[in-house]
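Asks: Since the structure of chain A is provided, determine the placement of chain B on it from the hints.
Residue numbers (the numbering used here), protein chains in the order written: chain A, 1 to 688; chain B, 1 to 81.
Calculated from the structure, these hints are not laboratory results.
Mixed in with the good hints, there may be bad ones.
[As the list claims (entries may be wrong)] Straight line, CA to CA, 27 Å or less: simulated BS3-like cross-link-like pairs of lysine-lysine:
1. B:20 with A:240
2. A:479 with B:70
3. A:279 with B:60
4. A:498 with B:60
[As the list claims (entries may be wrong)] Far from chain B, some chain A residues (derived; all Cβ distances over 12 Å):
5. 45
6. 51
7. 185
8. 189
9. 319
10. 356
11. 434
12. 529
13. 549
14. 627
We put the beta carbon where it would ideally sit given N, CA and C, even for glycine.
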Amino acid sequence: MKTSVRVSSARNFAIAGNPNCGKSTLFNALTGLRQKIGNYPGVTVERKLGEFRGLHGEPMTLLDLPGTYSMQVRSPDEAVSRDVLLGKRKDTPRPDAIICVVDASNLERNLYLVAQILELELPVVVALNMVDVAEAAGIRIDVPALEQALGVPVIPMVARTGRGVVDLKAVLSDPARLKVGATAPMDPAFEREIRSLAENLDPNSPVAKIEAALWISQPVLDELPEPQRMWIEQSQTRLKSAGLDPFSAPVEARYDWIQELCADAVHRSGSESASVSDKLDTVLTHRLWGWVAFASMMALVFFSIFTVAAYPMEWIDTAFNALADAARAVIPAGDFQSLVADGIIAGVGGVVIFLPQILVLFFFLGLLEDSGYMARAAFIMDRVMSRVGLHGKSFIPLLSSFACAIPGIMATRTIENRKDRQVTILVAPLMSCSARLPVYALMIAVLLPMGSALEKAGILLVMYAIGTVAAFGMAWLFKKTLLRGDTPMLLLELPPYKMPVVGTVTLRMLERAKIFLVRAGTVIFALSILLWALATYPKLPADANPADALANSFAGQMGHAIEPIIRPLGYDWKIGIGLIASFAAREVFVGTMGIVYNLEDVDETSQSLIDTIRSQVGPDGLPVFTPLVCLGLMVFYVLAMQCISTVAIVRRETNSWRWPIFQIAYMTLLAYAGALIVYQGGRLLGFQ
Amino acid sequence: MMTLIAAKLLSDCKPGESGKIRSMEMDTASRQRLLEMGLLVGSRIDVIRLAPLGDPMEIKVRGYLLSLRKSEAGMIHIETV
Numbered sequence: 001m002k003t004s005v006r007v008s009s010a011r012n013f014a015i016a017g018n019p020n021c022g023k024s025t026l027f028n029a030l031t032g033l034r035q036k037i038g039n040y041p042g043v044t045v046e047r048k049l050g051e052f053r054g055l056h057g058e059p060m061t062l063l064d065l066p067g068t069y070s071m072q073v074r075s076p077d078e079a080v081s082r083d084v085l086l087g088k089r090k091d092t093p094r095p096d097a098i099i100c101v102v103d104a105s106n107l108e109r110n111l112y113l114v115a116q117i118l119e120l121e122l123p124v125v126v127a128l129n130m131v132d133v134a135e136a137a138g139i140r141i142d143v144p145a146l147e148q149a150l151g152v153p154v155i156p157m158v159a160r161t162g163r164g165v166v167d168l169k170a171v172l173s174d175p176a177r178l179k180v181g182a183t184a185p186m187d188p189a190f191e192r193e194i195r196s197l198a199e200n201l202d203p204n205s206p207v208a209k210i211e212a213a214l215w216i217s218q219p220v221l222d223e224l225p226e227p228q229r230m231w232i233e234q235s236q237t238r239l240k241s242a243g244l245d246p247f248s249a250p251v252e253a254r255y256d257w258i259q260e261l262c263a264d265a266v267h268r269s270g271s272e273s274a275s276v277s278d279k280l281d282t283v284l285t286h287r288l289w290g291w292v293a294f295a296s297m298m299a300l301v302f303f304s305i306f307t308v309a310a311y312p313m314e315w316i317d318t319a320f321n322a323l324a325d326a327a328r329a330v331i332p333a334g335d336f337q338s339l340v341a342d343g344i345i346a347g348v349g350g351v352v353i354f355l356p357q358i359l360v361l362f363f364f365l366g367l368l369e370d371s372g373y374m375a376r377a378a379f380i381m382d383r384v385m386s387r388v389g390l391h392g393k394s395f396i397p398l399l400s401s402f403a404c405a406i407p408g409i410m411a412t413r414t415i416e417n418r419k420d421r422q423v424t425i426l427v428a429p430l431m432s433c434s435a436r437l438p439v440y441a442l443m444i445a446v447l448l449p450m451g452s453a454l455e456k457a458g459i460l461l462v463m464y465a466i467g468t469v470a471a472f473g474m475a476w477l478f479k480k481t482l483l484r485g486d487t488p489m490l491l492l493e494l495p496p497y498k499m500p501v502v503g504t505v506t507l508r509m510l511e512r513a514k515i516f517l518v519r520a521g522t523v524i525f526a527l528s529i530l531l532w533a534l535a536t537y538p539k540l541p542a543d544a545n546p547a548d549a550l551a552n553s554f555a556g557q558m559g560h561a562i563e564p565i566i567r568p569l570g571y572d573w574k575i576g577i578g579l580i581a582s583f584a585a586r587e588v589f590v591g592t593m594g595i596v597y598n599l600e601d602v603d604e605t606s607q608s609l610i611d612t613i614r615s616q617v618g619p620d621g622l623p624v625f626t627p628l629v630c631l632g633l634m635v636f637y638v639l640a641m642q643c644i645s646t647v648a649i650v651r652r653e654t655n656s657w658r659w660p661i662f663q664i665a666y667m668t669l670l671a672y673a674g675a676l677i678v679y680q681g682g683r684l685l686g687f688q
Numbered sequence: 001m002m003t004l005i006a007a008k009l010l011s012d013c014k015p016g017e018s019g020k021i022r023s024m025e026m027d028t029a030s031r032q033r034l035l036e037m038g039l040l041v042g043s044r045i046d047v048i049r050l051a052p053l054g055d056p057m058e059i060k061v062r063g064y065l066l067s068l069r070k071s072e073a074g075m076i077h078i079e080t081v
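Just chain A, with the same shape it has in the complex (with noise of 0.2 Å):
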């Protein structure tokens, strides 16, 4: 079976690998920063087109296809990938040819996929990653055996290094050399049906036939309309009364021939002694030794996210706020000033701020991940994340989300299963994070001013318990009701460690911050100029006092409006202006509540502002911030969403405003329904 077609010219190619076979630094490595991200059309799924130089300096590009094990769909993700391969999408053209990334290492499995590739009918080249790697293995592997068997150039190589980059650049420049290979035998019986199968989807379509082969073996085939799934469905039913399982039969055919071909083409050498990486392994996964090394390594990244990125964002803030005051000093003073100053500036910095610790964060995430280490992180997690539905790759986007919700979002990302990373979307904001801190510390300081940094303590971690066990509850419930769906099989693999590429690290690093500034900066935009409107208007005269100007804006107007609603947590309006005007980033509450009593310059440890709460009666002229408020008020903050960047982003990576909306909508009623069960079951209680 096999056919050589010619291309006359290849521009457009597209790279496919396992996960962990190094595609990435090869798709690095030949278009550098070249790179377009964005998502296809009307779907989430994330496109990643670089463009690089031929040997002789043409211009080409390069789609990356997400890592995967199988063509077989299983996700929305890979059914953009096999349209795209199929030449399916108006907006992708069908590439001229197909770069295979295999890890040399790992051959057999990484050669399944390759084996699906060439069923494709592309021209294919297959970059023998890692040689290096799988000669201190003592894997030998014949490269004119393999070109044989496979019947398309093999390119040994070293992404890592560069190594072979230039010959794998020779063969793309090279139309003679881009061939469409061999592909594993089938049974002629499969065959038959699937030409049969390929004349009832589409006679005239090139790709009938592909599409066939593809379709009769997916057990799961409910994104396609009648007639086409029964024909399908008619098709794997004959197959089987043949005795021939059409999930199975193919993989096997594929395995075997897979198996033939490396019999000739691998050498292996020497005995198998323990690597390096197992020997890392028997301490890192160890009983004891594991969570040490596990507890020691998630400490130093959280260690790092709150002191080293303590400085930039310290940086940030002065730099904000010199631009508002320059702005202040250029524009007259007015509306516009106002707006630009108090609003634009303040506003955008208020996020940007968060930076810092996205770039730390996805740092480390990286040099985990590259590592290899991330994997072992959620087969030691998996466990426990198991017990409410949810994979061992959710534990890293929770554990961010307690220094920010935006990086933890943004890190589901290596979650494949679809439902799973929209439960942990979903659940991540509830995770306590630094936004809070100010707050948490202004209320603790109001309910204990004469407290022990024990005491104090003591309640900061009753917070930081209450967002931790409301995310997972939340995730078991999401789990069990709207999001439910088999809980997907674990199936991890723990590739070998190896020394991060820094390069790649910080490439990737700097492609979520861009990502994060984009996207959720044109929404933060938009929106910080809706809030600060509503701060602002209708206005007072300009001699007015700044708490009176609040009062009587649509900010203030909308704090009296739910009075009544935050009454039974004994709030005033006052404390529901704050609550508004910090819909958009929880740590304006504290600001919000300086100008509500006509205090300047406050932040939470300023004891004029602690004092001024404190002191503060109601109109029957008791005491407004009672023990039971202060701890319902921080209950409210942990629970409740109150933060814009998070919005913005759960909408960029949902790609809809469905889950944001829900999302503030639920963690909203749970914030207010803790509120009010620690106020009024307090009171209960005999508390105040």
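Replies: Positioned in the frame of chain A, the structure of chain B alone reads:
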């Protein structure tokens, strides 16, 4: 000479044990995923270790390391020789 062939579930195997897959009984989609990862009837499996909490387990198949939950391993029948 008599060969001792013991059949058991992969989930009952201890670290250090190895055997060949005899059958896999689960839903079609999951079974296909396992097959595609290289776990075919007749494939050799070495049990390497259990996670610190006792689940999931780590196995070696076709020269690479894979982890799967005990609930999944409980559907794979092994022949230890």
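Asks: Out of the numbered hints, which ones does the structure contradict?
Replies: none
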